[in-house]
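Using the sequences and the hints given, assemble the complete structure.
Listed here are the chains, written in short residue letters.
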Amino acid sequence: MTAGLPGTGVGGMFYLLSALVMPLREVYGRARGRSTSGGWRAVFLQAGLALGILAGMWAAGWLLGAGVAAVHAALPARSAGAPPSGNVLRTVALVVSLGTLAAVLLGVELLGLWLGRRAPGPPDEPDESHPEEIEIPKRSAAAGRRRVLLAVAGLMTAQAPPLAAQTSSPAHAHLARAESAYAAGEPDVAEREYAAVLEVDPENSRATYRLGELRRRDPAQALRLFRRYVELEPSDPWGYMAVGDVLSRSGQHEAALVWYDAALRLAPGERDAVVGRARVLARRAQEAPALEPTVLGSQDSDGSTVLRFLAALDAAAGGTRLGATFSRTRTGDRLASATVDETAFQARGPPHTGWSVSATVGAARLDAPAVYSNGSPGPPPRDSTPGPPPQDTTPGRPPQDTTPGTPGPKPVAPIPGGAQSRRVTVVATGLLRARWRPPTGGAAVDLRLKRDVLVATPLLVTNGVIRTELHGMVDLPLARAVKLRGTGRATLLKDRDHENRRTGWGGAIAFPVGRTQMSLQFHQAGFARPSTAGYFAPRLAQTVEAETYVEIETARSVSIALTVAAGVQRVARQGAPPSPWRRAFRLHALTVVPLAPGRALQLELEGEDSSGGSLIATSERWRYGSAAVGVRWAM
Amino acid sequence: MTFSAGALQLKRQLHRVRHPSSGTRAAQVVPFGRRLLGSDVTVIVPAYNEAASVGDTVRSLRAQTSPPREIIVVDDCSTDATGDVARAAGATVVRPPVNTGSKAGAQTFALRHVRTPLTVALDADTVLAPDALERLLPAFEAPGVAAACGFVLPKHVKTIWERGRYVEYLFAFTYYKRLQEYYGKPLISSGCFSMYRTEVLRAHGGWSNRTLAEDMDLTWSFYQAGHAVRFVPGALCYPIEPHSFDLMRKQLKRWSHGFVQNVRLHWRGLLAVPYLRSAVAVAFWDATVAAAAYLVLLPILALVLQTPWVLLGYVIDAPAVLVPVLAGAVRRREVGRALASIPAFFVLRTVNALFFLRAFFAELVLGRSFKVYEKGH
Chain A
1 MTAGLPGTGV GGMFYLLSAL VMPLREVYGR ARGRSTSGGW RAVFLQAGLA LGILAGMWAA
61 GWLLGAGVAA VHAALPARSA GAPPSGNVLR TVALVVSLGT LAAVLLGVEL LGLWLGRRAP
121 GPPDEPDESH PEEIEIPKRS AAAGRRRVLL AVAGLMTAQA PPLAAQTSSP AHAHLARAES
181 AYAAGEPDVA EREYAAVLEV DPENSRATYR LGELRRRDPA QALRLFRRYV ELEPSDPWGY
241 MAVGDVLSRS GQHEAALVWY DAALRLAPGE RDAVVGRARV LARRAQEAPA LEPTVLGSQD
301 SDGSTVLRFL AALDAAAGGT RLGATFSRTR TGDRLASATV DETAFQARGP PHTGWSVSAT
361 VGAARLDAPA VYSNGSPGPP PRDSTPGPPP QDTTPGRPPQ DTTPGTPGPK PVAPIPGGAQ
421 SRRVTVVATG LLRARWRPPT GGAAVDLRLK RDVLVATPLL VTNGVIRTEL HGMVDLPLAR
481 AVKLRGTGRA TLLKDRDHEN RRTGWGGAIA FPVGRTQMSL QFHQAGFARP STAGYFAPRL
541 AQTVEAETYV EIETARSVSI ALTVAAGVQR VARQGAPPSP WRRAFRLHAL TVVPLAPGRA
601 LQLELEGEDS SGGSLIATSE RWRYGSAAVG VRWAM
Chain B
1 MTFSAGALQL KRQLHRVRHP SSGTRAAQVV PFGRRLLGSD VTVIVPAYNE AASVGDTVRS
61 LRAQTSPPRE IIVVDDCSTD ATGDVARAAG ATVVRPPVNT GSKAGAQTFA LRHVRTPLTV
121 ALDADTVLAP DALERLLPAF EAPGVAAACG FVLPKHVKTI WERGRYVEYL FAFTYYKRLQ
181 EYYGKPLISS GCFSMYRTEV LRAHGGWSNR TLAEDMDLTW SFYQAGHAVR FVPGALCYPI
241 EPHSFDLMRK QLKRWSHGFV QNVRLHWRGL LAVPYLRSAV AVAFWDATVA AAAYLVLLPI
301 LALVLQTPWV LLGYVIDAPA VLVPVLAGAV RRREVGRALA SIPAFFVLRT VNALFFLRAF
361 FAELVLGRSF KVYEKGH
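Residue numbers (my numbering), protein chains in the order written: chain A, 1 to 635; chain B, 1 to 377.
Simulated from the structure, these hints should not be mistaken for lab results.
Hints are not guaranteed to be accurate.
[To be verified] Which residues of chain A face chain B? A few of them, derived with a C-beta cut under 10 Å, are:
| id | residue |
| --- | --- |
| 1 | Gly9 |
| 2 | Met13 |
| 3 | Tyr15 |
| 4 | Val68 |
| 5 | Val243 |
| 6 | His253 |
| 7 | Phe522 |
| 8 | Gln524 |
[Unchecked claim] Far from chain B by the CB rule (all over 12 Å, computed), these chain A residues:
| id | residue |
| --- | --- |
| 9 | Phe14 |
| 10 | Ser18 |
| 11 | Leu296 |
| 12 | Ala359 |
| 13 | Val445 |
| 14 | Arg480 |
| 15 | Ser519 |
| 16 | Leu520 |
| 17 | Pro578 |
| 18 | Pro580 |
| 19 | Ala589 |
| 20 | Arg599 |
| 21 | Trp622 |
| 22 | Trp633 |
We put the beta carbon where it would ideally sit given N, CA and C, even for glycine.
In structure tokens:
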């Protein structure tokens, strides 16, 4: 049967384009080492047919146009009924046809994206945090759950069908070697030996299964091997489960569910089939497009308050995750207020043997007073602006920040009660992140290049402080669970008039203690110059602290991730010796409450008492608290 | 946590390594490495009152270059001598206790008798080219392939309807089907002649009569389960196509309702299968919106714009049809026959469009599902 109108309609256009794309696809496939059915002969045949059709259509159109014009010339002229020229007919037909085809194909893709991943399933894991204007290290509560799941997967695949006697002895010898290599944890030897078994005895289902397990990282091969195993042992549900697992990892959740259902038909109530099926549903739910509205409020010791409304959209397409974020941040203190609207689009590439890359592009619209008024009615300027020297300097000492190039105080223009002019600026923002996490364990690297705007206070927004930062982190596992971490960062801070540079580095050693992870950290950072743009720019800031991190999951699947850090810190202002060590304290708590399958409530609390260290603070003694409430709504 | 509890209670079925010389079990699996032969194939021929044609079908099977191990004709409680004719021609005849009511039912009934790794379903009015089975066999050497189909052409090309079908098949199998095959997604494994991997067929429960197009249902189910389907243009079969409008009407009604039923049934699952989802979406669009424009809009436009030139739209794509049809006809040395049949194609296409549009309305708009299986010849 041929549904539709063979030859014409969007079908005709669709197959025409399919044929014209064939040569390109063949070249690409060959370059990737994949052979296609039919080879070049089929490609040329079909592409030739397509070109023939195009030529025929063109000729027919031309002939028609000529014929119609001739008829029209021969007949007495009539005002109505003038035929449209062949060209117009052709162009209109082409445009309409192509446009309709594009709309139909796009509609199907969008429908697939929207519906193909809808989620009734167990509550999904909380997303990673969005980058914020002041950087705070975060970790998702899902990391612990993921670890358990991985352990389960590892355990499941480690169990193997027990060995049974073989009749042919070369295969038997290979099989025995393969089994012992597998048990001893030598995957390369085991893989070689199992492949050797299959060469001698191609119907050895045990070797087929094991080889599939060893080649799990190559989904195409693993799929082929597991399917073969199902053919060899159609009554073993583990084969169907293995196929389902490979399909699910490649994103084909619907197909995976069919295979898991087949396994459950064979062995109803088999716990691992139920568990595996639930895992597929969870993965599918995780990939479902989701909407995340969040509200955040914060207050700091300088009197600045920040209120932020954020809406994030997140969806998966193939293996890539796409997202869009829209936010409105209102920051104000007793003197002024500013608004920053941000839009950003993110894409995270599919993980590829340990690498994970993501990119964000966006823009921020800053709306702030053109001039930040710090005139008489208000409080004295903060420590960030050079003004009257702080109490701890003795007379006779040069006043703060008199090094050449020091900016003078910002213009003081008290406008009692009058409306201030506002300035609107648009800044491009972005984030590029590359992570390497070797699948076999080992050193991990995380690199980030970021450009954003500091929005913690209206002064910062008025001055339009843009931060461009390169941040690198290396994790080195030492002994069993002990890890060494090194970080380095270089920041460029640019406001309307000046540029400032900040460099920092740090090291930490982390080890588990009971159910928590403890770490001892040291950070050091320093700015090249002082600044009056609204952030505190010490020559040197050093922090030594101890941090505890714990993840808790309650009975109703509410997960809580808690980070508490306490230590000492000292700061050296520009041109001054370091201050004495003072206490520093940091707290972060993230709670995720699952509401319904695919929906969760997120609560986040943060507190800080320090002058920076790894952050950029707005004054020397700075205390900060924030709370955020958000909902993840999977669609 | 549920996951950790599961991990502690792992059980594994005792695993048996296949013994090469074990009995029926060995025969069920497609051997790895050995070339596939006709003796790995059982052919199922569903027949209801096909005494006139089933003999030719069975004889064409026995005359294959790679003959099947067994030919099972399902005599679906025929009232004529179908069973006797088939038996005389050399087939095994099975008779369900009551009429199964559909081709799907008859074929599934015979599935329990199949003991070979490959199964062929063949219509009782279809004869095969002598090498048809032999040409389909290599497709199954790839482990992921669940079904393979071949080139279809009408056995008789005389009346306008048969000629229309002739051009339609020549077009579709020379051009569309080969493209679909290149992208790995032949749209349907034709019900009149297809070869299947028995294990997969069984796992899907055989053929289902939940739609009127069981071949489409099965093919799309295979794709969603992750299997592959192949089209082998070199394997030819010749079914008897409807020669009168009355018979054509019945076939078109069955096919059009079957298509719409399958789209309604499978659309969610298909969204996960690339290329197939696009091909089905495009076909659905053509069968509905484009068909409506074709049938209704063009004449109305001609009237409204007071110009007959608009009606050129019916044949404006003649080259799009001519080029593949002639290419296919040249290869078969049947150019004269093809040229003479082209006008009939345009007639058939218009009637086809009408039926698909009606089926769309009946099934999806009015909600009236048509389930009565009426033969087309």
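Okay, the hints, checked on the actual structure:
no., hint, in the structure
1, Gly9, "4 Å, holds"
2, Met13, "8 Å, holds"
3, Tyr15, "5 Å, holds"
4, Val68, "7 Å, holds"
5, Val243, "7 Å, holds"
6, His253, "8 Å, holds"
7, Phe522, "36 Å, violated"
8, Gln524, "41 Å, violated"
9, Phe14, "5 Å, violated"
10, Ser18, "5 Å, violated"
11, Leu296, "31 Å, holds"
12, Ala359, "24 Å, holds"
13, Val445, "30 Å, holds"
14, Arg480, "21 Å, holds"
15, Ser519, "26 Å, holds"
16, Leu520, "31 Å, holds"
17, Pro578, "49 Å, holds"
18, Pro580, "48 Å, holds"
19, Ala589, "21 Å, holds"
20, Arg599, "20 Å, holds"
21, Trp622, "40 Å, holds"
22, Trp633, "21 Å, holds"
Hints 7, 8, 9 and 10, counting from the list given before, are not met by this structure.
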